[in-house]
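Asker: Respectively, the protein sequence lines represent chains A, B, C, D and E.
All residue numbers for the first sequence refer to the numbering used here, where the first residue is 1 and numbers rise by one.
All residue numbers for the second sequence refer to the numbering used here, where the first residue is 371 and numbers rise by one.
All residue numbers for the third sequence refer to the numbering used here, where the first residue is 741 and numbers rise by one.
All residue numbers for the fourth sequence refer to the numbering used here, where the first residue is 987 and numbers rise by one.
All residue numbers for the fifth sequence refer to the numbering used here, where the first residue is 1233 and numbers rise by one.
Incorrect hints may have been included.
As the list claims (entries may be wrong) - Partner residues are not named here, just some residues of chain A that face chain B (Cβ under 7 Å, in silico):
(1) Gln82
(2) Val114
(3) Ser132
(4) Leu250
(5) Ala286
(6) Leu316
(7) Val319
(8) Gln322
(9) Leu323
(10) Ala331
(11) Ser332
(12) Lys342
(13) Ala352
Said to hold, decoys possible - Here are the computed lysine to aspartate or glutamate pairs in the EDC-like style, where the Cα-Cα straight-line distance is at most 16 Å:
(14) C/Lys875 x A/Glu314
(15) B/Lys638 x B/Asp627
(16) D/Lys1121 x A/Asp83
These are calculated hints, taken from the structure and not from any lab test.
Here a beta-carbon is modelled for each residue, glycine too, at the ideal position from N, C-alpha and C.
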Amino acid sequence: MLDVDISGQVGSLDLEAKFASDGGVTSLFGQSGSGKTSLTNMIAGLITPSSGHIRVNDTTLFDAAGGVNLPVQARRIGHVFQDARLFPHLSVKSNLTYARWAGRRPGSRDLDEVVDLLGLGTLLDRKPETLSGGEKQRVAIGRALLSDPRLLIMDEPLANLDQARRNDILPYLDRLCVEVGIPILYVSHSIEEVARLSNTLVILSEGRTPAFGPVADMLARTDLGRATGRHEAGALIEGKVVQVDDVWGLTLVDIGDAVLQIPDMAAKPGDAVRLRIRARDVSLAAIPPRGLSIRNAFDAKIKSISEETGPYAEILCSVGDQLIRARITRASVADLDLFTGKTVTVLIKSVAIDRRQRGPALPLSTDVPV
Amino acid sequence: MLDVDISGQVGSLDLEAKFASDGGVTSLFGQSGSGKTSLTNMIAGLITPSSGHIRVNDTTLFDAAGGVNLPVQARRIGHVFQDARLFPHLSVKSNLTYARWAGRRPGSRDLDEVVDLLGLGTLLDRKPETLSGGEKQRVAIGRALLSDPRLLIMDEPLANLDQARRNDILPYLDRLCVEVGIPILYVSHSIEEVARLSNTLVILSEGRTPAFGPVADMLARTDLGRATGRHEAGALIEGKVVQVDDVWGLTLVDIGDAVLQIPDMAAKPGDAVRLRIRARDVSLAAIPPRGLSIRNAFDAKIKSISEETGPYAEILCSVGDQLIRARITRASVADLDLFTGKTVTVLIKSVAIDRRQRGPALPLSTDVPV
Amino acid sequence: MWPIETTDRARVDFFDLQPAEWQALLLTLRVATAALAVALPLAVLTAYLLARYRFPGHGIVNALVHLPLVLPPVVTGYVLLLTFGRKGPVGEFLDNVFGISFAFNWTGAALAAGVMSFPLMVRPIRLSFEAVNPKLEEAAKSLGAHRLVAFLTVTLPLALPGILGGAILGFAKAMGEFGATITFVSNIPGETRTLALALYTATQTPSGDLAAFRLTLIAAFVAFAALIASEVLARRLRARLGGGHA
Amino acid sequence: MWPIETTDRARVDFFDLQPAEWQALLLTLRVATAALAVALPLAVLTAYLLARYRFPGHGIVNALVHLPLVLPPVVTGYVLLLTFGRKGPVGEFLDNVFGISFAFNWTGAALAAGVMSFPLMVRPIRLSFEAVNPKLEEAAKSLGAHRLVAFLTVTLPLALPGILGGAILGFAKAMGEFGATITFVSNIPGETRTLALALYTATQTPSGDLAAFRLTLIAAFVAFAALIASEVLARRLRARLGGGHA
Amino acid sequence: LIPATAQAPLTVFAAASMREAMERIGTVFEKETGVEIVFSFAGTGTLARQVEAGAPADVFVSADINWMTYAEDQGAVRPETVHPIASNALVLIGARETLPLELKSAELEKALGGARMAIADTDTVPAGRYGKAALESLGLWQSVATQLAPMENVRIVLASVARGDTPLGLVYQTDAAIEPAVSVLAEFPEGTHPKIEYLAALTTEGDHPDATAFLEFLRQQQARDILRSLGFLTDKMK
Ligand SMILES: Nc1ncnc2c1ncn2[C@@H]1O[C@H](COP(=O)(O)OP(=O)(O)OP(=O)(O)O)[C@@H](O)[C@H]1O
Ligand SMILES: Nc1ncnc2c1ncn2[C@@H]1O[C@H](COP(=O)(O)OP(=O)(O)OP(=O)(O)O)[C@@H](O)[C@H]1O
Ligand SMILES: [Mg+2]
Ligand SMILES: [Mg+2]
C-alpha cells in the first residue's frame, strides 16, 4: 500500500503529486523533466515536501500536519538512483553488501541469488570506476535489492540494459512484489516495461499527477495518449488458463466470451493470467476468415471508433465485459464499413500476446517475448 | 566511410574489433559489458589500441603500423558519452556552445535549431547539477551536435528519454547523416532504434565483432538471434513510392512483385524507401482471405521453415527477389500445411510497417510509430 | 570622524592606529599581496604538474616544495640571503641584468613570504586538481579544445575552490611570516618591518606588551577580514561550480 | 657496520649521527607524531563541521583556526606560555586535575607543533570533504547507515587523500616548527630541543656552521622520507578509491 | 618528567650569543663536580619571559641588563644573586682585509657607498640597542639611521658582512673574533654606550643544590679564561 499526497518546490518545478496504490508495482510515467526523480526523492526522504503525507503499508514516513518526517535511514527504502551512485572506494561486493555491514540490515535475500540474477559474478572484486554503464546499473539494482527494503524505488533501472538482461530482471521484480510483498515504485520511459510489470500507473506531467489507476484502465484511456505514447496503447485482459497444450507449446486462456491461444510453457490449468494486447497487433474482419495462421479469432462488438487525422483509427471492442483495442487504418474502417454496435471478428496473432501473471501462489512468469 | 580494425586491452577485456561501413549510421549492438564503450573510446582517441587502424572518410585517425595517432582534439569526433560528462561549472548554454568558444569550431549547425529539437529552451541558464537525467542526456547530445564533427559517436544517447523525444531526435539524426553526410556510430540496446536508424549493424560480443553488415542482412540472420534478440527479427524491404493517397493518409510502395500500403504523410512518388517488417507482425494464409482490416496481402513462396522447440516457427518467404520473415506458431504451420516451396498469402497490417528513408535528396522522415 | 565624548578618549586612542602601525599594516598587505601574486600562479603550475604527471624528478620537486616547511624559517631565510642577497649568485645576476634587487627591501620580504607560503599553497591546489575528474578534460578535448584551453576552461575553474583555499593559507602565512623575512631582509621600518616583525619587535622589549597586544589585534582583524572575504567568495564559487558534481 | 677503508673515515664520521643529533632527531619525530596524533582527529572534525554545516560561530571557528598562521609564531608561543604554562590558567588546571603539564617538556613542544600545524591540516581536509559528493552519503543513508556510519564508511574514506595531504603538511610543519616552540617550551636538550631548535642553536655561533649543515641535511632527509612515504600511500589510496570518480 | 631528585641536571637558561662560552664552561664544570648541566639557548627576552612563567631553570644568564632587571622586577630571579660575569665591546667590521677607518660620518658614508650597514635589531637585540646608543653618542645616528639593516641576531650581521651583502656591520668584539671572514675596522670607545654586561642569577623557583656552585664557578679563573679566549672581557668583573 502506497499513499502519497505531497506538494513542494524543487528548483523551478512546482510538484504536487497525489496518488495511491494497493501495493504491487506502481509505475511513474512521464516525460523527461516532469518530476519523476523529484517525486521519488521526496518519498525517499531526500527532499522534504512542504506539505502533505507519505504512507507505505502502515507506516507514515512523512506527515506535515502530524510533524512526522522520518530520516532517510529510517525509511527502509531500497533506492535505485537514476545515476547509480555507487560508492567509488568500495568493491562491487562491498557495494552490494553495504546495507548489511554498514546499515545493519541483515537482509533476507541471498547475495548469490542476486549476483546470479544480475550477472555480477565476475565483477565482485572490481571497483565501480572500471565497470561499464550497464554493469554499474546492475550493481545499483543489486545493492537496493539487498537492503531489505519495505519499499523499492527504482528510477529507470533498466535504461542501459539489453533486452536479455531486462527479461531476466523484470520477472524477478515481479516475484519480489508478488511473493515477498515488497511494493515497488518504478520509474520508466518504456511503456513496455510499465505495462508488463505494473499494477498501478501514475502519470506525471509538469509536476502534477493528472491521472493514476490500475494499469489496464490507464492504458485503455485515450485521453492520456500523449503521456503514454499513443502507439503503445493496448488493453489488459483477465483470463484463466483452461488447458495447456504441450505438443504445440500453447496455452489456452478463457477470457469470458472467447478462448485465446498464447505461446507459453509455464502455466497450469486454473492459473489466473493477465494478457497485454496492443492495439497495433489487433486486426478486424467483417466476416470470420478461414485458413489464416492467426489463431485467435472471436467475435466482439464495436463500442467506439475514434478516427483521427492521419491514417489511423482506434476501435474499442467489447468481448463479454472486457475491452480490446484495435488500431487499423481509416481506409479499412471505410472498406469494412465499420460502425459502433457492429459485431466484427477480432484477429490476434498468438505470438503477439504478452502474458503477465498475478496472484500470490503463482509460479514465476518466464522469459516471454514482449 | 568508417574502417576500423583494432585490438587492445581494456582492463580485463581483450578487445579485437574489425568492421567497415559505407557511412550513414553504423550501430554497435551487444550485451552490457561486451565492449561497446571501450570500442568507441578507442575510435575517439581516449584509449590507444595496441595495433590496427581507424579511418573515417579519408582521414586516418590511428594507424599503429604507420605511427599515426591523432590526439583527441584533432579527431573532430562529436562524442555523446554514456555518462553525459557535462561541464558542471558551465551553464547549459556554455556547455552547448563549448566547441565554439573553446574548441574554435565555428560549427555550421544553428544553436536555436538544436535547442528546439532537444527542448532545451528553458534550461539554457541552468547548471547541469539541476538538470534531470533526461535533460542532461539531451544537453550532451546537443553539445556533440554543435561541435561540427566529422563523425558522431553516440553511446546510448536516448536511454533516458521518453518515446516522444526519441521520435523527435531519431529523424534528426537520420537527416544529419543523409543530408549533411556526417557518419554516425550509434551504440544502443534498442533493436527498434538500431533497425530504424542504422545502415550498418556491428555485433559486439565479448570484445569481438563476430558479424557486421547491412542492417537488413543482419536482422535476417538467424544465427545472431541471441545478440539481436530473436523476437525482434524481421526483414528490410526496398521499394519505390508509386502513389500517395492523401485521402486515407496512405502511401503505396512497389516492392517488386507486390504493392504495399503504409501509413505515411511525407513521401513523394518516385521516392526510394526501405521498410522494416518484423517477423512477429507477419501472418500467413493458405488461401487469399477477404474482408480483413489487414490491407497488405500478397503471394509469396516459402523458402524455408525453421521450427524451433517451443511454440514458434520462423518462415522465410520470397517476394520477387526480396525476403520476408514471418513468425507464427508451430500449430499454425501444421494447420495450414505449410512446406518449403508452397505459395502462401502474406498478410501485413499497414500500421505495423516502419518506414525508413535513404538517399541524399529525400525529405526528412517524420514521426511515425515504431 | 564622528563627535566623540571626552570620556571615550582613551578608548579612541587605543583604536586609532599610530603611523608606525599603519605603515606596518600597509606594508604587510603589500608584501602578502605581492607574494601571492607571484607565488600563486607558480603554485598552480607546480600543483598541476605534480597532480597529473609522473616525470623524472617528481619526488624531488615535491620534496623541494615542502622544504621551507620542514626547515626552521631562519634557515630558509639564510639560504635566501646566500642565494638572492646582493652578492648571492642569483641576486647578483638579477641585479646586474634586470636591476631587480631583493636585498633589504620589501620585494625581498615578498620573496621570503612567497617561498614560505609556497608549500601551503601547492598542497590544497594539488588535491583539488586530483579531485577533478580527468574525463571532463577528455570531453573538452573531444570538443576540439586544445590541451591548454581544456585546462583553462575546465580543470582550472573546477579546481578553483582548492586554489582559493591554497591562496588563503598562503596569504595568511605570508601575512604572518617572520623568521625567514627577518633573516633575509632584516627588520627595517617602512621597508621590511611587516606586522609580524613589528609584533616580534614589541615582544622583545620588556615594556612592549601593550604594543604587542595592539598589533596582535590588528593582525587578527586583517586575517579575519581576509578569511570572511574568502568564505564569501568560496560560497559563491561553489554555487557557480554546482558543487562540482554534475 | 660493513668494513670501511680508512680513507673513508671522514666521510663515515660525517654520516654517522652524533648522540645529540640522534636525540634531536628522535625527539622531533616523537613531537611531530604526537602533535599529529592529537591534532589530526581534531582537524578532521573541525574541517567536517566547517565544510558541511553553517552554524553560528562558523566564521569565528574558521578564523581561530587560521590565527596561528597569521600571527608570528613567537606570539603564538607566548600566548601558549601564558595559557598552558605552569602558571597559566589552563596549565595550572590541567596540572592540578589531571597531572598533565605542558610546561617546558616535550608534550609542550608537541602542543605548540600541533597548534601551529592545525590550520595547515584543516584547510586541505576541508576542501576534500567539500569535494565529496553529498549524494553518496545520501545513498549510504538510504541503505540504512546512520549518520555517523555513513560518514565513517563513505565520506571519510573518500576524503582520505585530503586527510593524508593535510597530515603531511601538518607533519612537515610540526617537524620544522621553531618560533612557537622555543618561546613556549624553551630549548632544552633531550626535552624540547627538536631538530629545528638544534639547528637554531648551531647557527648562533660561527663555529656551528658544519653542525647546522648536518642538521639541515638530517631534517631534509627525514622530510624527504616522510614525503616519499606519503606519496606512495597517496598513490595506493587513489588506486583504492578508484580516483573517487565512480 | 624531570625527576625532582638531586640527580636532575642543573638547567641553565642562557642567551644564545653565549652558547660557545657556556658550553665550554659547562663541560669543565661537569668534569670537576660531576654535576650534569643542561643549557637552553634562546634570545634573552624569550628566556626572561619563560623564567617568569615558571620555567624549570636554575640559572639565568642574560645578555642584557634590561631583561635581567625585568626578571628581577617580576620576582623571577633572586636579586641578591645577580652579578655580571663578563662584558663585551662593540666593533665596526668589514669584509676581510678592509682598511680600518675612523668613526666619522664621512668615512662611514664613503665605506657604505649607498649600501646598508648591518646591525642587530636596534629595538630588540641588545647588540643593536648598544649600537644605536653608540652611534647616537658619536653623532653618527642621523646620517646612518636610514641606511641600517637591522637583523634578527648578530650571526646574520656577521654572515652578511662576511659575504659582502653589507660593506659594514656592527657587532660585539667576541663575534668579530671568531669569524675569520671579517676584519675589525674600528672599536667603539667605552662610554659611548651603556656598559655591555652579561649577568647571571639564580632563579626564584630553581632548587638545584649545585646552582650556587655553578654561579660561583662562572666567576672563577677557569671560566674567565674560557670567556677571554672567546673575546669576552672579564677584567673589570669583581
Ligand atoms: N535544483 C533545481 N533547480 C531548478 N530546476 C530543477 C532543480 N532540480 C530539478 N529541477 C527541474 O525539475 C524538473 C524535474 O526534474 P526531475 O529530475 O524530477 O525530472 P524527471 O521526471 O526525473 O526527468 P528525467 O526523466 O529526465 O529523469 C526538471 O525540469 C528539472 O530541470
Ligand atoms: N579498467 C577496467 N578494468 C577492468 N575491466 C574493465 C575496465 N574497463 C572496462 N572493463 C570491462 O570491460 C568490459 C567492457 O566495458 P564497456 O564499458 O566497453 O562495455 P559496454 O559494452 O559499453 O557495456 P554497457 O552496455 O554496459 O555500457 C566490461 O565488462 C568492463 O567491466
Ligand atoms: Mg529522473
Ligand atoms: Mg557502455
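Asker: Now look at each hint and say whether the structure bears it out.
Answerer: Comparing the hints with the structure gives:
1. Gln82: 4 Å, holds
2. Val114: Check failed: Cβ of valine 114 of chain A comes no nearer than 16 Å to chain B, outside 7 Å.
3. Ser132: 5 Å, holds
4. Leu250: 6 Å, holds
5. Ala286: 4 Å, holds
6. Leu316: Result: violated, 14 Å to nearest chain B Cβ.
7. Val319: 16 Å, violated
8. Gln322: 20 Å, violated
9. Leu323: 18 Å, violated
10. Ala331: 4 Å, holds
11. Ser332: Holds: closest Cβ of chain B sits about 4 Å from serine 332 of chain A, inside 7 Å.
12. Lys342: Not OK, violated: lysine 342 of chain A not within 7 Å of chain B, min 13 Å.
13. Ala352: 6 Å, holds
14. C/Lys875 x A/Glu314: The given pair, whose Cα atoms are some 49 Å apart, is violated under the 16 Å limit.
15. B/Lys638 x B/Asp627: 20 Å, violated
16. D/Lys1121 x A/Asp83: Within the cut-off at roughly 10 Å; holds.
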